[in-house]
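Numbering (the numbering used here) for the sequence shown: 21 to 534.
If you're looking for bench data, these hints aren't it; they were derived computationally from the structure. Just so you know, not all the hints are guaranteed correct.
In the DMTMM-like style, the derived pairs of lysine to aspartate or glutamate whose C-alpha atoms are separated by at most 20 angstroms in a straight line are [stated by the list, open to error]:
| # | residue 1 | residue 2 |
| --- | --- | --- |
| 1 | 341 | 357 |
| 2 | 71 | 27 |
| 3 | 391 | 290 |
| 4 | 341 | 277 |
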Amino acid sequence: MVFSRADIHHGFYVLATGVLMASLPLSHFAMGLVTFLLLLNWVAEWNWREKWERLLHNPQGLVFSALFVVMCLGLFKTDNWHNAGQYMLGNLSILFAPIIIISSRPFSRREMTWFFHAFIVATTVACVCSVGYWLTHEVRDLRTISLFIDHIRFSLCVVLALVLSVRMMLQKSSTGATARVLYALNALLMVVYLFIAQTLTGILLFFILTVAFLFYVLVRSKNVREKWLMLVGLVLVLGLFSLYCTWITYIYYHDNDKTITATTTALGHDYTFVDDGLVECGHRVNYYVCRPELERAWALRSDTAYDYMTEATLIRYLNSKGLHKDSAAVMSLSTKDIHNIEQRIANVEYTRPLGLRRALYQTYFSFSNYKLNHSINGSSLLERVELWKASWGAISENWVLGVGVGDQKAALDRQLERMDSPIAHRHNRGCHNQILTYWLISGVLLAAFLIFVFVYPFFGMRKRITFIYVALFIIVFCSLLVEDTIDTQTGRMLFSIVMPMLLFNEERNEAANA
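Assemble the whole structure, with the sequences as input and the hints as a guide.
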(Lines of atoms letter the chains of each structure in order from A and count residues from 1; the text may use other names and numbers.)
(Lines give C-alpha, C1' and ligand atoms only; values in the text may rest on other atoms or scores of the structure.)
Protein backbone atom coordinates (compact mmCIF):
# COMPACT_ATOMS: atom_id res chain seq x y z
CA MET A 1 0.00 0.00 0.00
CA VAL A 2 1.39 3.39 -1.05
CA PHE A 3 0.67 6.37 1.19
CA SER A 4 0.65 9.88 -0.19
CA ARG A 5 2.31 12.82 1.55
CA ALA A 6 -1.13 14.06 2.62
CA ASP A 7 -1.98 10.65 4.13
CA ILE A 8 1.27 10.57 6.12
CA HIS A 9 0.71 14.04 7.55
CA HIS A 10 -2.91 13.26 8.33
CA GLY A 11 -1.87 10.02 10.01
CA PHE A 12 0.60 11.90 12.20
CA TYR A 13 -2.10 14.50 12.90
CA VAL A 14 -4.50 11.79 14.05
CA LEU A 15 -1.87 10.05 16.19
CA ALA A 16 -0.73 13.30 17.83
CA THR A 17 -4.31 14.36 18.54
CA GLY A 18 -5.04 10.99 20.14
CA VAL A 19 -1.94 11.32 22.33
CA LEU A 20 -2.99 14.85 23.23
CA MET A 21 -6.43 13.64 24.31
CA ALA A 22 -4.82 10.94 26.45
CA SER A 23 -2.39 13.44 28.00
CA LEU A 24 -5.12 15.86 29.16
CA PRO A 25 -5.64 14.06 32.51
CA LEU A 26 -2.08 12.73 32.74
CA SER A 27 0.75 15.05 31.72
CA HIS A 28 1.40 18.76 31.27
CA PHE A 29 4.68 17.99 29.55
CA ALA A 30 3.03 15.71 26.98
CA MET A 31 0.35 18.30 26.29
CA GLY A 32 2.96 20.96 25.54
CA LEU A 33 5.13 18.67 23.45
CA VAL A 34 2.26 17.27 21.35
CA THR A 35 0.82 20.73 20.74
CA PHE A 36 4.20 21.84 19.38
CA LEU A 37 4.41 18.72 17.18
CA LEU A 38 0.92 19.41 15.84
CA LEU A 39 2.07 22.88 14.77
CA LEU A 40 5.23 21.51 13.12
CA ASN A 41 3.23 18.88 11.24
CA TRP A 42 0.71 21.47 10.09
CA VAL A 43 3.45 23.72 8.71
CA ALA A 44 5.35 20.82 7.11
CA GLU A 45 2.21 19.64 5.33
CA TRP A 46 2.50 22.78 3.19
CA ASN A 47 -0.87 22.46 1.41
CA TRP A 48 -1.73 26.12 1.92
CA ARG A 49 -4.41 26.31 -0.76
CA GLU A 50 -6.42 23.48 0.81
CA LYS A 51 -5.95 24.99 4.26
CA TRP A 52 -7.18 28.35 3.01
CA GLU A 53 -10.24 26.80 1.39
CA ARG A 54 -11.15 24.99 4.60
CA LEU A 55 -10.76 28.22 6.58
CA LEU A 56 -13.05 30.00 4.12
CA HIS A 57 -15.56 27.18 4.53
CA ASN A 58 -15.51 27.52 8.36
CA PRO A 59 -14.68 31.19 9.09
CA GLN A 60 -16.66 31.03 12.37
CA GLY A 61 -13.82 29.02 13.87
CA LEU A 62 -11.58 32.07 13.79
CA VAL A 63 -13.65 33.39 16.69
CA PHE A 64 -11.63 31.12 19.00
CA SER A 65 -8.30 32.36 17.62
CA ALA A 66 -9.49 35.98 17.72
CA LEU A 67 -9.52 35.78 21.52
CA PHE A 68 -5.71 35.84 21.43
CA VAL A 69 -5.74 38.88 19.11
CA VAL A 70 -8.05 40.81 21.45
CA MET A 71 -5.82 39.78 24.35
CA CYS A 72 -2.93 41.54 22.61
CA LEU A 73 -4.64 44.89 23.28
CA GLY A 74 -3.39 44.56 26.84
CA LEU A 75 0.19 44.84 25.60
CA PHE A 76 -0.30 48.59 25.05
CA LYS A 77 -0.48 49.11 28.83
CA THR A 78 2.11 46.55 29.87
CA ASP A 79 4.86 47.65 32.26
CA ASN A 80 6.34 44.21 32.95
CA TRP A 81 7.37 42.88 29.54
CA HIS A 82 8.99 39.77 30.99
CA ASN A 83 5.72 38.59 32.56
CA ALA A 84 3.78 39.75 29.50
CA GLY A 85 5.99 37.70 27.19
CA GLN A 86 5.62 34.59 29.32
CA TYR A 87 1.85 35.01 29.50
CA MET A 88 1.37 35.54 25.77
CA LEU A 89 3.73 32.67 24.92
CA GLY A 90 1.80 30.38 27.26
CA ASN A 91 -1.46 31.35 25.55
CA LEU A 92 -0.13 31.07 21.99
CA SER A 93 -2.01 27.81 21.46
CA ILE A 94 -5.27 29.80 21.62
CA LEU A 95 -4.17 31.48 18.37
CA PHE A 96 -2.90 28.55 16.31
CA ALA A 97 -4.66 25.44 17.68
CA PRO A 98 -8.17 26.33 16.41
CA ILE A 99 -6.69 27.24 13.01
CA ILE A 100 -4.99 23.82 12.83
CA ILE A 101 -8.27 22.07 13.64
CA ILE A 102 -10.33 24.06 11.13
CA SER A 103 -7.86 24.02 8.22
CA SER A 104 -6.86 20.35 8.45
CA ARG A 105 -8.58 17.37 6.87
CA PRO A 106 -11.68 16.44 8.95
CA PHE A 107 -11.43 13.44 11.21
CA SER A 108 -13.40 10.35 10.34
CA ARG A 109 -16.01 8.85 12.63
CA ARG A 110 -13.59 6.09 13.62
CA GLU A 111 -10.85 8.60 14.42
CA MET A 112 -13.15 10.67 16.62
CA THR A 113 -14.25 7.54 18.45
CA TRP A 114 -10.60 6.65 18.98
CA PHE A 115 -9.95 10.10 20.47
CA PHE A 116 -12.86 9.68 22.86
CA HIS A 117 -11.63 6.25 23.91
CA ALA A 118 -8.07 7.52 24.40
CA PHE A 119 -9.38 10.22 26.72
CA ILE A 120 -11.69 7.84 28.59
CA VAL A 121 -8.97 5.23 29.10
CA ALA A 122 -6.40 7.81 30.23
CA THR A 123 -8.85 9.35 32.70
CA THR A 124 -9.80 5.90 33.98
CA VAL A 125 -6.14 5.01 34.53
CA ALA A 126 -5.60 8.29 36.39
CA CYS A 127 -8.71 7.61 38.53
CA VAL A 128 -7.58 4.08 39.38
CA CYS A 129 -4.11 5.35 40.34
CA SER A 130 -5.64 8.11 42.47
CA VAL A 131 -8.04 5.74 44.25
CA GLY A 132 -5.19 3.28 44.78
CA TYR A 133 -3.10 6.04 46.34
CA TRP A 134 -6.04 7.05 48.53
CA LEU A 135 -6.50 3.46 49.74
CA THR A 136 -2.82 2.81 50.47
CA HIS A 137 -1.73 6.15 51.95
CA GLU A 138 -2.84 8.31 54.83
CA VAL A 139 -4.34 11.29 53.05
CA ARG A 140 -4.92 14.48 55.02
CA ASP A 141 -5.63 16.67 51.99
CA LEU A 142 -7.80 15.00 49.36
CA ARG A 143 -6.41 17.35 46.72
CA THR A 144 -3.19 15.33 46.82
CA ILE A 145 -4.82 12.18 45.43
CA SER A 146 -4.88 13.85 42.01
CA LEU A 147 -1.45 12.50 41.10
CA PHE A 148 -0.89 13.90 37.62
CA ILE A 149 -2.53 17.31 37.20
CA ASP A 150 -4.24 19.88 39.41
CA HIS A 151 -7.26 18.43 41.24
CA ILE A 152 -9.72 21.01 39.86
CA ARG A 153 -8.68 20.45 36.24
CA PHE A 154 -8.67 16.69 36.81
CA SER A 155 -12.23 16.87 38.10
CA LEU A 156 -13.19 18.56 34.81
CA CYS A 157 -11.59 15.67 32.92
CA VAL A 158 -13.42 13.14 35.10
CA VAL A 159 -16.79 14.77 34.43
CA LEU A 160 -16.07 14.92 30.68
CA ALA A 161 -15.00 11.24 30.67
CA LEU A 162 -18.24 10.43 32.49
CA VAL A 163 -20.25 12.21 29.77
CA LEU A 164 -18.37 10.42 27.00
CA SER A 165 -18.82 7.04 28.69
CA VAL A 166 -22.57 7.58 28.97
CA ARG A 167 -22.72 8.80 25.37
CA MET A 168 -20.85 5.72 24.14
CA MET A 169 -23.13 3.51 26.18
CA LEU A 170 -26.28 5.02 24.67
CA GLN A 171 -25.28 5.49 21.05
CA LYS A 172 -26.83 3.15 18.51
CA SER A 173 -23.50 2.06 17.06
CA SER A 174 -22.31 0.54 20.35
CA THR A 175 -20.76 -2.90 19.91
CA GLY A 176 -23.16 -4.83 22.11
CA ALA A 177 -24.15 -5.64 25.66
CA THR A 178 -20.58 -6.22 26.89
CA ALA A 179 -19.42 -2.82 25.66
CA ARG A 180 -22.45 -1.13 27.22
CA VAL A 181 -21.73 -2.77 30.57
CA LEU A 182 -18.09 -1.64 30.43
CA TYR A 183 -19.11 1.94 29.60
CA ALA A 184 -21.64 1.89 32.45
CA LEU A 185 -19.05 0.57 34.93
CA ASN A 186 -16.59 3.21 33.79
CA ALA A 187 -19.18 5.95 34.25
CA LEU A 188 -19.88 4.59 37.75
CA LEU A 189 -16.14 4.71 38.53
CA MET A 190 -16.07 8.37 37.51
CA VAL A 191 -18.98 9.16 39.83
CA VAL A 192 -17.38 7.27 42.72
CA TYR A 193 -14.11 9.14 42.21
CA LEU A 194 -15.88 12.52 42.31
CA PHE A 195 -17.37 11.68 45.69
CA ILE A 196 -14.08 10.26 46.99
CA ALA A 197 -12.14 13.37 45.94
CA GLN A 198 -15.05 15.55 47.12
CA THR A 199 -14.15 18.39 44.79
CA LEU A 200 -17.25 20.58 44.95
CA THR A 201 -16.63 21.90 41.44
CA GLY A 202 -16.73 18.39 39.98
CA ILE A 203 -19.72 17.26 42.06
CA LEU A 204 -21.76 20.34 41.14
CA LEU A 205 -20.86 19.90 37.46
CA PHE A 206 -21.99 16.27 37.67
CA PHE A 207 -25.32 17.39 39.13
CA ILE A 208 -25.77 20.17 36.53
CA LEU A 209 -24.97 17.81 33.66
CA THR A 210 -27.36 15.16 34.99
CA VAL A 211 -30.15 17.74 35.00
CA ALA A 212 -29.07 18.98 31.54
CA PHE A 213 -29.08 15.43 30.14
CA LEU A 214 -32.55 14.66 31.47
CA PHE A 215 -33.82 17.98 30.12
CA TYR A 216 -32.15 17.32 26.75
CA VAL A 217 -33.83 13.93 26.39
CA LEU A 218 -37.12 15.41 27.58
CA VAL A 219 -37.02 18.07 24.85
CA ARG A 220 -35.67 15.87 22.03
CA SER A 221 -37.71 12.73 22.63
CA LYS A 222 -40.85 12.15 20.56
CA ASN A 223 -42.00 9.24 22.70
CA VAL A 224 -44.64 10.36 25.22
CA ARG A 225 -43.76 7.61 27.68
CA GLU A 226 -40.07 8.49 27.49
CA LYS A 227 -40.90 12.16 28.04
CA TRP A 228 -42.83 11.31 31.20
CA LEU A 229 -39.98 9.12 32.45
CA MET A 230 -37.48 11.92 31.88
CA LEU A 231 -39.77 14.44 33.56
CA VAL A 232 -40.15 12.19 36.59
CA GLY A 233 -36.38 11.62 36.61
CA LEU A 234 -35.72 15.36 36.41
CA VAL A 235 -38.06 16.08 39.31
CA LEU A 236 -36.55 13.25 41.36
CA VAL A 237 -32.97 14.37 40.76
CA LEU A 238 -33.73 17.98 41.66
CA GLY A 239 -35.94 17.02 44.58
CA LEU A 240 -33.68 14.39 46.12
CA PHE A 241 -30.56 16.51 45.74
CA SER A 242 -32.32 19.48 47.35
CA LEU A 243 -33.66 17.33 50.19
CA TYR A 244 -30.25 15.76 50.79
CA CYS A 245 -28.52 19.14 50.98
CA THR A 246 -31.31 20.50 53.20
CA TRP A 247 -31.00 17.51 55.53
CA ILE A 248 -27.22 17.88 55.79
CA THR A 249 -27.58 21.60 56.47
CA TYR A 250 -30.23 21.01 59.12
CA ILE A 251 -28.13 18.43 60.96
CA TYR A 252 -25.17 20.79 60.93
CA TYR A 253 -26.86 23.97 62.11
CA HIS A 254 -29.69 22.63 64.30
CA ASP A 255 -28.92 23.67 67.90
CA ASN A 256 -29.40 20.77 70.31
CA ASP A 257 -27.81 22.65 73.23
CA LYS A 258 -30.42 25.33 73.83
CA THR A 259 -31.10 23.77 77.23
CA ILE A 260 -28.13 23.13 79.53
CA THR A 261 -28.44 19.65 81.04
CA ALA A 262 -25.32 19.64 83.27
CA THR A 263 -22.98 22.21 84.80
CA THR A 264 -20.27 19.92 86.16
CA THR A 265 -18.34 16.94 84.88
CA ALA A 266 -18.51 13.43 86.29
CA LEU A 267 -15.43 14.33 88.34
CA GLY A 268 -17.13 17.39 89.79
CA HIS A 269 -15.32 20.09 87.81
CA ASP A 270 -17.23 23.01 86.36
CA TYR A 271 -18.02 23.27 82.65
CA THR A 272 -17.57 26.57 80.87
CA PHE A 273 -20.20 27.87 78.46
CA VAL A 274 -19.29 30.49 75.88
CA ASP A 275 -22.35 31.61 73.94
CA ASP A 276 -20.60 32.79 70.76
CA GLY A 277 -23.15 31.28 68.38
CA LEU A 278 -20.68 28.76 66.92
CA VAL A 279 -22.70 25.62 66.17
CA GLU A 280 -21.23 22.58 64.42
CA CYS A 281 -22.86 19.20 63.83
CA GLY A 282 -25.87 20.22 65.92
CA HIS A 283 -23.93 21.25 69.04
CA ARG A 284 -22.45 24.48 70.37
CA VAL A 285 -18.70 24.12 70.06
CA ASN A 286 -17.84 26.10 73.20
CA TYR A 287 -20.46 24.58 75.50
CA TYR A 288 -19.68 21.88 78.09
CA VAL A 289 -15.92 22.57 78.05
CA CYS A 290 -13.61 21.67 80.93
CA ARG A 291 -10.10 22.57 79.80
CA PRO A 292 -8.17 21.27 82.84
CA GLU A 293 -9.66 17.81 82.36
CA LEU A 294 -9.01 17.93 78.61
CA GLU A 295 -5.32 18.65 79.15
CA ARG A 296 -4.83 15.91 81.75
CA ALA A 297 -6.75 13.32 79.75
CA TRP A 298 -4.91 14.21 76.54
CA ALA A 299 -1.57 13.58 78.25
CA LEU A 300 -2.77 10.07 79.06
CA ARG A 301 -3.92 9.33 75.49
CA SER A 302 -1.26 10.98 73.33
CA ASP A 303 2.39 12.02 73.23
CA THR A 304 1.52 15.07 71.13
CA ALA A 305 1.97 18.38 72.94
CA TYR A 306 -1.22 19.97 74.24
CA ASP A 307 -0.98 23.38 72.63
CA TYR A 308 -3.61 25.84 71.36
CA MET A 309 -4.11 24.03 68.05
CA THR A 310 -4.43 20.63 69.72
CA GLU A 311 -6.98 21.97 72.17
CA ALA A 312 -9.06 23.67 69.46
CA THR A 313 -8.98 20.50 67.34
CA LEU A 314 -9.86 18.28 70.30
CA ILE A 315 -12.82 20.45 71.32
CA ARG A 316 -14.26 20.50 67.81
CA TYR A 317 -13.69 16.78 67.32
CA LEU A 318 -15.48 15.88 70.56
CA ASN A 319 -18.25 18.29 69.65
CA SER A 320 -18.69 16.63 66.23
CA LYS A 321 -19.25 13.31 68.02
CA GLY A 322 -21.89 14.88 70.28
CA LEU A 323 -19.69 14.49 73.39
CA HIS A 324 -19.03 16.90 76.23
CA LYS A 325 -15.50 18.26 76.33
CA ASP A 326 -14.14 16.55 79.45
CA SER A 327 -11.84 13.72 80.50
CA ALA A 328 -14.53 11.04 80.20
CA ALA A 329 -15.09 11.99 76.56
CA VAL A 330 -11.36 11.97 75.77
CA MET A 331 -10.91 8.57 77.38
CA SER A 332 -13.83 7.19 75.35
CA LEU A 333 -12.16 8.06 72.05
CA SER A 334 -10.75 5.26 69.93
CA THR A 335 -7.12 5.05 68.89
CA LYS A 336 -8.21 6.11 65.41
CA ASP A 337 -9.94 9.18 66.86
CA ILE A 338 -6.79 10.17 68.74
CA HIS A 339 -4.74 9.76 65.59
CA ASN A 340 -7.20 11.94 63.66
CA ILE A 341 -6.89 14.72 66.23
CA GLU A 342 -3.09 14.47 66.15
CA GLN A 343 -3.35 14.96 62.37
CA ARG A 344 -5.39 18.15 62.98
CA ILE A 345 -8.66 16.63 61.75
CA ALA A 346 -11.20 18.70 63.67
CA ASN A 347 -14.43 16.93 62.77
CA VAL A 348 -15.19 13.22 62.63
CA GLU A 349 -17.28 13.90 59.52
CA TYR A 350 -14.09 14.95 57.70
CA THR A 351 -13.02 11.30 57.77
CA ARG A 352 -16.01 10.12 55.73
CA PRO A 353 -14.73 8.46 52.54
CA LEU A 354 -17.74 9.34 50.37
CA GLY A 355 -20.57 11.81 50.15
CA LEU A 356 -21.13 15.53 50.19
CA ARG A 357 -21.25 15.91 53.96
CA ARG A 358 -17.50 16.26 54.38
CA ALA A 359 -17.15 18.96 51.74
CA LEU A 360 -20.24 20.88 52.85
CA TYR A 361 -19.36 20.73 56.56
CA GLN A 362 -15.94 22.25 55.88
CA THR A 363 -17.63 25.03 53.91
CA TYR A 364 -20.24 25.62 56.62
CA PHE A 365 -17.60 25.87 59.34
CA SER A 366 -15.62 28.37 57.29
CA PHE A 367 -18.77 30.53 57.03
CA SER A 368 -19.38 30.31 60.78
CA ASN A 369 -15.74 31.05 61.55
CA TYR A 370 -15.81 34.08 59.25
CA LYS A 371 -18.98 35.36 60.92
CA LEU A 372 -17.42 34.96 64.37
CA ASN A 373 -13.76 35.86 63.79
CA HIS A 374 -13.75 37.44 60.32
CA SER A 375 -11.19 34.83 59.31
CA ILE A 376 -11.04 33.39 55.80
CA ASN A 377 -7.91 31.29 56.25
CA GLY A 378 -8.42 27.65 55.36
CA SER A 379 -11.51 28.29 53.23
CA SER A 380 -10.91 28.17 49.49
CA LEU A 381 -14.41 29.53 48.85
CA LEU A 382 -14.02 32.56 51.13
CA GLU A 383 -10.55 33.21 49.75
CA ARG A 384 -12.06 33.22 46.27
CA VAL A 385 -14.68 35.74 47.38
CA GLU A 386 -11.91 37.92 48.78
CA LEU A 387 -9.99 37.66 45.51
CA TRP A 388 -13.12 38.52 43.51
CA LYS A 389 -13.68 41.62 45.66
CA ALA A 390 -10.06 42.65 45.17
CA SER A 391 -10.24 41.94 41.43
CA TRP A 392 -13.33 44.09 41.07
CA GLY A 393 -11.66 46.85 43.07
CA ALA A 394 -8.65 46.79 40.71
CA ILE A 395 -10.92 46.60 37.65
CA SER A 396 -13.01 49.58 38.76
CA GLU A 397 -9.93 51.79 38.37
CA ASN A 398 -8.98 50.33 34.98
CA TRP A 399 -12.25 48.94 33.63
CA VAL A 400 -11.87 50.18 30.02
CA LEU A 401 -8.34 49.07 29.10
CA GLY A 402 -7.26 46.97 32.08
CA VAL A 403 -3.82 47.11 33.69
CA GLY A 404 -1.92 45.33 30.92
CA VAL A 405 -0.81 41.79 30.18
CA GLY A 406 1.58 40.52 32.84
CA ASP A 407 0.63 43.21 35.38
CA GLN A 408 -2.63 41.64 36.58
CA LYS A 409 -1.20 39.77 39.57
CA ALA A 410 0.77 42.78 40.78
CA ALA A 411 -2.37 44.92 40.50
CA LEU A 412 -4.31 42.32 42.48
CA ASP A 413 -1.58 42.23 45.16
CA ARG A 414 -1.73 46.02 45.52
CA GLN A 415 -5.51 45.95 45.84
CA LEU A 416 -5.36 43.25 48.53
CA GLU A 417 -2.90 45.39 50.48
CA ARG A 418 -5.15 48.46 50.15
CA MET A 419 -8.05 46.38 51.47
CA ASP A 420 -5.85 45.19 54.36
CA SER A 421 -6.92 41.69 53.36
CA PRO A 422 -5.93 38.73 55.56
CA ILE A 423 -4.48 37.08 52.43
CA ALA A 424 -2.51 40.15 51.32
CA HIS A 425 0.74 38.41 52.27
CA ARG A 426 0.14 35.71 49.64
CA HIS A 427 1.47 37.23 46.45
CA ASN A 428 0.95 36.32 42.79
CA ARG A 429 -2.57 35.02 43.34
CA GLY A 430 -4.90 34.84 40.37
CA CYS A 431 -8.41 36.24 40.28
CA HIS A 432 -9.91 32.72 40.30
CA ASN A 433 -12.41 33.90 37.71
CA GLN A 434 -11.34 33.90 34.06
CA ILE A 435 -13.72 36.70 33.08
CA LEU A 436 -12.35 38.98 35.82
CA THR A 437 -8.78 38.01 34.90
CA TYR A 438 -9.28 38.96 31.26
CA TRP A 439 -11.06 42.17 32.26
CA LEU A 440 -8.11 43.08 34.47
CA ILE A 441 -5.62 42.23 31.70
CA SER A 442 -7.09 43.96 28.66
CA GLY A 443 -10.25 45.68 29.78
CA VAL A 444 -13.94 45.21 29.19
CA LEU A 445 -13.53 44.27 25.51
CA LEU A 446 -11.57 41.09 26.25
CA ALA A 447 -13.98 40.03 29.02
CA ALA A 448 -16.98 40.61 26.74
CA PHE A 449 -15.31 38.82 23.84
CA LEU A 450 -14.60 35.77 26.01
CA ILE A 451 -18.32 35.50 26.80
CA PHE A 452 -19.11 36.03 23.11
CA VAL A 453 -16.84 33.13 22.07
CA PHE A 454 -18.78 30.77 24.33
CA VAL A 455 -22.24 32.04 23.42
CA TYR A 456 -21.81 32.56 19.66
CA PRO A 457 -21.87 28.87 18.57
CA PHE A 458 -25.38 28.49 20.00
CA PHE A 459 -26.60 31.22 17.65
CA GLY A 460 -24.24 31.13 14.67
CA MET A 461 -23.60 27.37 14.49
CA ARG A 462 -26.68 25.73 15.98
CA LYS A 463 -26.66 22.85 13.48
CA ARG A 464 -23.20 21.82 14.66
CA ILE A 465 -24.16 21.71 18.35
CA THR A 466 -24.29 18.21 19.88
CA PHE A 467 -24.92 17.10 23.43
CA ILE A 468 -21.22 16.37 23.90
CA TYR A 469 -20.41 19.95 22.92
CA VAL A 470 -23.11 21.28 25.26
CA ALA A 471 -21.63 19.18 28.07
CA LEU A 472 -18.12 20.48 27.39
CA PHE A 473 -19.47 24.03 27.20
CA ILE A 474 -21.08 23.61 30.64
CA ILE A 475 -17.92 22.08 32.09
CA VAL A 476 -15.55 24.75 30.80
CA PHE A 477 -17.80 27.79 31.16
CA CYS A 478 -18.89 26.96 34.71
CA SER A 479 -15.25 26.43 35.68
CA LEU A 480 -14.42 29.90 34.31
CA LEU A 481 -16.59 31.41 37.02
CA VAL A 482 -14.52 29.97 39.89
CA GLU A 483 -11.12 29.36 38.30
CA ASP A 484 -8.68 30.88 35.81
CA THR A 485 -9.32 27.82 33.67
CA ILE A 486 -7.90 29.05 30.36
CA ASP A 487 -4.74 30.22 32.12
CA THR A 488 -4.00 26.55 32.87
CA GLN A 489 -2.66 24.14 30.28
CA THR A 490 -5.48 21.60 30.56
CA GLY A 491 -8.07 24.37 30.36
CA ARG A 492 -6.41 25.88 27.29
CA MET A 493 -6.38 22.53 25.52
CA LEU A 494 -10.06 21.95 26.24
CA PHE A 495 -10.89 25.44 24.99
CA SER A 496 -8.60 25.78 21.98
CA ILE A 497 -8.51 22.19 20.65
CA VAL A 498 -11.34 20.02 21.98
CA MET A 499 -14.13 22.59 21.66
CA PRO A 500 -13.24 23.53 18.03
CA MET A 501 -12.74 19.85 17.22
CA LEU A 502 -16.28 19.08 18.39
CA LEU A 503 -17.71 21.99 16.41
CA PHE A 504 -15.79 21.99 13.12
CA ASN A 505 -15.76 18.39 12.07
CA GLU A 506 -18.70 17.54 9.85
CA GLU A 507 -18.05 13.78 9.81
CA ARG A 508 -17.75 13.82 13.56
CA ASN A 509 -21.01 15.69 13.99
CA GLU A 510 -22.75 12.93 12.06
CA ALA A 511 -21.24 10.35 14.42
CA ALA A 512 -22.27 12.26 17.53
CA ASN A 513 -25.84 12.54 16.31
CA ALA A 514 -26.03 8.89 15.22
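Each hint, compared with the structure:
1. Between the alpha carbons of residue 341 and residue 357 the distance comes to roughly 10 angstroms, so the proposed pair stays at or under 20 angstroms and holds.
2. For the hint pairing residue 71 with residue 27, the CA-to-CA distance comes to about 15 angstroms; that is within 20 angstroms, so the pair holds.
3. Under the criterion of a C-alpha separation no larger than 20 angstroms, the hint pairing residue 391 with residue 290 is inconsistent with the structure, at around 28 angstroms.
4. Proposed proximity of residue 341 and residue 277 is supported: the alpha carbons are some 14 angstroms apart, at most 20 angstroms.
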